[in-house]
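K.L.:
One-letter residues, chain by chain:
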Amino acid sequence: MNLIDFVEEKEKKENLENFQVGDNVKVHVVIKEGEKERIQVFRGDVISKKGSNIGATFTVRKISFGIGVERIFPLHSKMIRKIEVMRKGKVKRAKLYYLRNLRGKAARLKEAR
Amino acid sequence: MVEGLIGKKIGMTQIFDENGNAIPVTVIKAGPCTVIQKKSKDNDGYFALQLGFIEDKGVKKIKKPYVGHFKRANIPPVKILREFKFDETSDVKEGDQFFVDIFKPGEKVNVVGTSKGKGFAGVVKRWGFHGGKASHGSMFHRRPGSVGASAYPSRVVKGKKLPGHMGNERAMVKKLIVVQADKENNLLVVKGAVPGANGGYLLIKKVDFNVKFLDRTSKE
Numbered sequence: 103m104n105l106i107d108f109v110e111e112k113e114k115k116e117n118l119e120n121f122q123v124g125d126n127v128k129v130h131v132v133i134k135e136g137e138k139e140r141i142q143v144f145r146g147d148v149i150s151k152k153g154s155n156i157g158a159t160f161t162v163r164k165i166s167f168g169i170g171v172e173r174i175f176p177l178h179s180k181m182i183r184k185i186e187v188m189r190k191g192k193v194k195r196a197k198l199y200y201l202r203n204l205r206g207k208a209a210r211l212k213e214a215r
Numbered sequence: 012m013v014e015g016l017i018g019k020k021i022g023m024t025q026i027f028d029e030n031g032n033a034i035p036v037t038v039i040k041a042g043p044c045t046v047i048q049k050k051s052k053d054n055d056g057y058f059a060l061q062l063g064f065i066e067d068k069g070v071k072k073i074k075k076p077y078v079g080h081f082k083r084a085n086i087p088p089v090k091i092l093r094e095f096k097f098d099e100t101s102d103v104k105e106g107d108q109f110f111v112d113i114f115k116p117g118e119k120v121n122v123v124g125t126s127k128g129k130g131f132a133g134v135v136k137r138w139g140f141h142g143g144k145a146s147h148g149s150m151f152h153r154r155p156g157s158v159g160a161s162a163y164p165s166r167v168v169k170g171k172k173l174p175g176h177m178g179n180e181r182a183m184v185k186k187l188i189v190v191q192a193d194k195e196n197n198l199l200v201v202k203g204a205v206p207g208a209n210g211g212y213l214l215i216k217k218v219d220f221n222v223k224f225l226d227r228t229s230k231e
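Just so you know, the protein sequences line up as chains A and B, in that order. Its first residue numbered 103, the first sequence is counted upward by one per residue in the numbering used here. Its first residue numbered 12, the second sequence is counted upward by one per residue in the numbering used here.
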């Protein structure tokens, strides 16, 4: 075992939710406001998964009041309490960056059956 | 106690702090180190502990002058020997071992290593000169420019920043914060980067280390 793994293994999450690019997900993120903590939900399509081990990230895109919003989350971040898969998507690409150029009906993803 | 330990750079990774921020860290295999020799003012003219870095891979062949040195301390030979300051009031003997638990999380350390060699580098890379224009008819790109002037001083001043060999020299990064000290695996995790390539040898020294001496005046 590589020595660096001893450090990384402690930081990694054990039970990662199984989600793929194209899925519609709800990400439960902890927001800290001074002393208080609350949970905010960010719902959108996963358009990219990147990296490996502790450095892995995923990007979620949603349309908020007509404006496209993307957030990049570290996969092993402690601030993510839960990732819920709402809908499985059927896609032919690993990265769905083409969605950025599409609006409305054209920017929908097919559901996987 | 001793001022620091000898270590080996393993590599960099990231971990998350309690606020969820990803912080860049370097993993160092620090220690265990054995005291090979205790240097004293009477014998050597100064006080120091000579530590040897114990590695999984032992040393096959040692140089002849060192055979007796290791035999006297009665420990298996090691590759790396370095000297450190120590607290004379504490009870340290030859053959004692120091582990990574001399460092505590949150403590500040200085890390000494050998920087990566850059070869023969020009003034832009080596000294941060700005260089000239890339285009618009410019014929002055990455040159050092005038070095000595004509009538006065009509020579190159000593210490003038010129091209030459860069890197592969002793470098120290100061005040790095210790994030973890894992005695079980002999791993030290510090925030930020340390000099040199992975696998390079390092000296890890405490920032707040006061050398205490025994009171010798009272005996006389």
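Do not rely on the hints blindly, as some may be mistaken.
Each computed DSS-like pair below joins lysine-lysine, with the alpha-carbon atoms no more than 27 angstroms apart [to be verified]:
| # | chain 1 | residue 1 | chain 2 | residue 2 |
| --- | --- | --- | --- | --- |
| 1 | A | K180 | B | K50 |
| 2 | A | K112 | B | K49 |
| 3 | B | K186 | A | K115 |
| 4 | A | K112 | B | K202 |
| 5 | A | K114 | B | K50 |
| 6 | B | K194 | A | K134 |
| 7 | B | K129 | A | K180 |
| 8 | A | K152 | B | K202 |
Chain B residues, not near chain A, derived (Cβ > 10 angstroms throughout) [claimed, not checked]:
| # | residue |
| --- | --- |
| 9 | Q25 |
| 10 | F58 |
| 11 | N85 |
| 12 | L92 |
| 13 | E105 |
| 14 | M150 |
Calculated from the structure, these hints are not laboratory results. C-beta: ideal position from N, C-alpha, C; glycine also.
K.L.:
Against this structure, judge whether each hint is valid.
P.N.:
Each hint tested on the structure:
1. The suggested pairing of A/K180 with B/K50 is violated, with an alpha-carbon distance near 49 angstroms, which exceeds 27 angstroms.
2. Distance restraint check for A/K112 and B/K49: the Cα-Cα separation of roughly 38 angstroms exceeds the 27 angstroms cut-off, and the hinted pair is therefore not satisfied.
3. A hinted pair counts as satisfied when its Cα atoms are at most 27 angstroms apart, and B/K186 with A/K115 does not qualify at roughly 31 angstroms.
4. Distance hint between A/K112 and B/K202 is fulfilled; the C-alpha atoms sit about 17 angstroms from each other, no more than 27 angstroms.
5. Under the criterion of a C-alpha separation no larger than 27 angstroms, the hint pairing A/K114 with B/K50 is inconsistent with the structure, at around 45 angstroms.
6. Proposed proximity of B/K194 and A/K134 is contradicted: the alpha carbons are some 33 angstroms apart, above 27 angstroms.
7. Note on B/K129 and A/K180: the hinted pairing is violated, with a Cα-Cα distance of about 39 angstroms set against a maximum of 27 angstroms.
8. The hinted pair formed by A/K152 and B/K202 meets the criterion: a straight-line CA distance of about 24 angstroms does not exceed 27 angstroms.
9. Not every beta carbon of chain A lies more than 10 angstroms from that of B/Q25, the smallest distance being close to 6 angstroms; the non-interface claim is violated.
10. Here B/F58 stays apart from chain A, with its beta-carbon at least about 33 angstroms from theirs, past the 10 angstroms limit.
11. With a cut of 10 angstroms on Cβ distances, B/N85 stays outside the contact zone with chain A, its closest approach being about 29 angstroms.
12. Consistency note on B/L92: stated as away from chain A, and its beta-carbon is indeed over 10 angstroms from all of that chain's, at 23 angstroms minimum.
13. The beta carbon of B/E105 sits about 29 angstroms from the closest Cβ of chain A, which is more than 10 angstroms, so the claim that it is off the interface holds.
14. Every CB of chain A lies more than 10 angstroms from the CB of B/M150, the least distance being 42 angstroms, so the non-interface label holds.
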